[in-house]
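Produce the entire structure from the sequences given, and follow the hints as far as they go.
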Amino acid sequence: GENVEQHPSTLSVQEGDSAVIKCTYSDSASNYFPWYKQELGKGPQLIIDIRSNVGEKKDQRIAVTLNKTAKHFSLHITETQPEDSAVYFCATLLNTGNQFYFGTGTSLTVIP
Amino acid sequence: DVKVTQSSRYLVKRTGEKVFLECVQDMDHENMFWYRQDPGLGLRLIYFSYDVKMKEKGDIPEGYSVSREKKERFSLILESASTNQTSMYLCASIVSGNSYEQYFGPGTRLTVT
Chain G
57 GENVEQHPST LSVQEGDSAV IKCTYSDSAS NYFPWYKQEL GKGPQLIIDI RSNVGEKKDQ
117 RIAVTLNKTA KHFSLHITET QPEDSAVYFC ATLLNTGNQF YFGTGTSLTV IP
Chain B
9 DVKVTQSSRY LVKRTGEKVF LECVQDMDHE NMFWYRQDPG LGLRLIYFSY DVKMKEKGDI
69 PEGYSVSREK KERFSLILES ASTNQTSMYL CASIVSGNSY EQYFGPGTRL TVT
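Quick note, the sequences are listed as chains G and B, same order.
To convert, take the position in the first sequence, counting from 1, and add 56; that gives the working numbering.
To convert, take the position in the second sequence, counting from 1, and add 8; that gives the working numbering.
It is worth saying that the hints were derived from the structure and are not from the lab.
Just to be clear, a hint being listed does not mean it is correct.
[To be verified] Cut-off 30 angstroms, straight-line C-alpha distance, at most; resulting in silico cross-link-like pairs (DSSO-like, lysine-lysine):
{"no.": "1", "chain 1": "G", "residue 1": "LYS98", "chain 2": "B", "residue 2": "LYS65"}
{"no.": "2", "chain 1": "G", "residue 1": "LYS93", "chain 2": "B", "residue 2": "LYS65"}
{"no.": "3", "chain 1": "G", "residue 1": "LYS98", "chain 2": "B", "residue 2": "LYS78"}
{"no.": "4", "chain 1": "G", "residue 1": "LYS78", "chain 2": "B", "residue 2": "LYS65"}
[Claimed, not checked] Derived Cβ-Cβ restraints for the label pairs, each shown as a range:
{"no.": "5", "chain 1": "B", "residue 1": "ARG17", "chain 2": "G", "residue 2": "ASN123", "range": "31 to 41 angstroms"}
{"no.": "6", "chain 1": "G", "residue 1": "ASN109", "chain 2": "B", "residue 2": "GLU87", "range": "26 to 36 angstroms"}
{"no.": "7", "chain 1": "B", "residue 1": "LYS26", "chain 2": "G", "residue 2": "VAL76", "range": "38 to 48 angstroms"}
{"no.": "8", "chain 1": "G", "residue 1": "GLN70", "chain 2": "B", "residue 2": "THR94", "range": "30 to 40 angstroms"}
{"no.": "9", "chain 1": "B", "residue 1": "GLU64", "chain 2": "G", "residue 2": "ASN59", "range": "30 to 40 angstroms"}
{"no.": "10", "chain 1": "G", "residue 1": "LEU96", "chain 2": "B", "residue 2": "LYS26", "range": "28 to 38 angstroms"}
{"no.": "11", "chain 1": "B", "residue 1": "MET62", "chain 2": "G", "residue 2": "ARG107", "range": "21 to 31 angstroms"}
{"no.": "12", "chain 1": "B", "residue 1": "GLY48", "chain 2": "G", "residue 2": "SER82", "range": "11 to 21 angstroms"}
{"no.": "13", "chain 1": "G", "residue 1": "GLU139", "chain 2": "B", "residue 2": "MET96", "range": "21 to 31 angstroms"}
{"no.": "14", "chain 1": "B", "residue 1": "LYS65", "chain 2": "G", "residue 2": "ASN109", "range": "23 to 33 angstroms"}
{"no.": "15", "chain 1": "G", "residue 1": "PRO64", "chain 2": "B", "residue 2": "ASN92", "range": "22 to 32 angstroms"}
Beta carbons: idealized from backbone N, C-alpha and C, even for Gly.
Laid out in structure tokens, this is it:
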């Protein structure tokens, strides 16, 4: 099955700096790549996603890039704020079904 | 707004007990999922359901069963709880078709003693 690896597991940045989280996947049949943010005591929430026919997508301070050849995709957060502190998960979805495969999560801390 | 609710936020059960975790979504979504979340392991799929009375095993179904008698409700059952089932359990739903956005419930923190 699909194998999704996520790095780093923890990340601390100063407020205003950028944060980058990277994920690699193994199955070339993956065609949907979402990123979720999980705040303390809450379930994950979708923050941005990208499909395999697109290389980059941006939504205000958040962007996702996808390199299908290398099988990796990244989350970029610019001008980080303390409220960006959370655990972030990447995931993939194969074009064959409804099962999502998740990375192991990155705990982001933004230091004021 | 889509709402996915879970019956309990915190639950403490004894080894050997039968445990029911309930999940309800209010947006008529066809697909529903149960995950468990453990530190360093991310989210792992236990079971999912793509329609009423339909279910598929995920990656870690052992020790669990599910029930989907109504479209809006998806139940996770631990037939005989064990300490290694202590975890955070998350329910999610998506509508089938062209949208893959998953909506998660707040989670149930289950402790088995």
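Right, here's what the structure says about each hint:
| no. | hint | result |
| --- | --- | --- |
| 1 | LYS98(G) <-> LYS65(B) | holds, 25 angstroms |
| 2 | LYS93(G) <-> LYS65(B) | holds, 26 angstroms |
| 3 | LYS98(G) <-> LYS78(B) | holds, 25 angstroms |
| 4 | LYS78(G) <-> LYS65(B) | holds, 28 angstroms |
| 5 | ARG17(B) <-> ASN123(G): 31 to 41 angstroms | holds, 39 angstroms |
| 6 | ASN109(G) <-> GLU87(B): 26 to 36 angstroms | violated, 43 angstroms |
| 7 | LYS26(B) <-> VAL76(G): 38 to 48 angstroms | holds, 45 angstroms |
| 8 | GLN70(G) <-> THR94(B): 30 to 40 angstroms | holds, 36 angstroms |
| 9 | GLU64(B) <-> ASN59(G): 30 to 40 angstroms | violated, 20 angstroms |
| 10 | LEU96(G) <-> LYS26(B): 28 to 38 angstroms | holds, 30 angstroms |
| 11 | MET62(B) <-> ARG107(G): 21 to 31 angstroms | holds, 26 angstroms |
| 12 | GLY48(B) <-> SER82(G): 11 to 21 angstroms | holds, 19 angstroms |
| 13 | GLU139(G) <-> MET96(B): 21 to 31 angstroms | holds, 22 angstroms |
| 14 | LYS65(B) <-> ASN109(G): 23 to 33 angstroms | holds, 30 angstroms |
| 15 | PRO64(G) <-> ASN92(B): 22 to 32 angstroms | holds, 28 angstroms |
Checked against the numbered hints given earlier, the structure breaks hints 6, 9 and satisfies all the rest.
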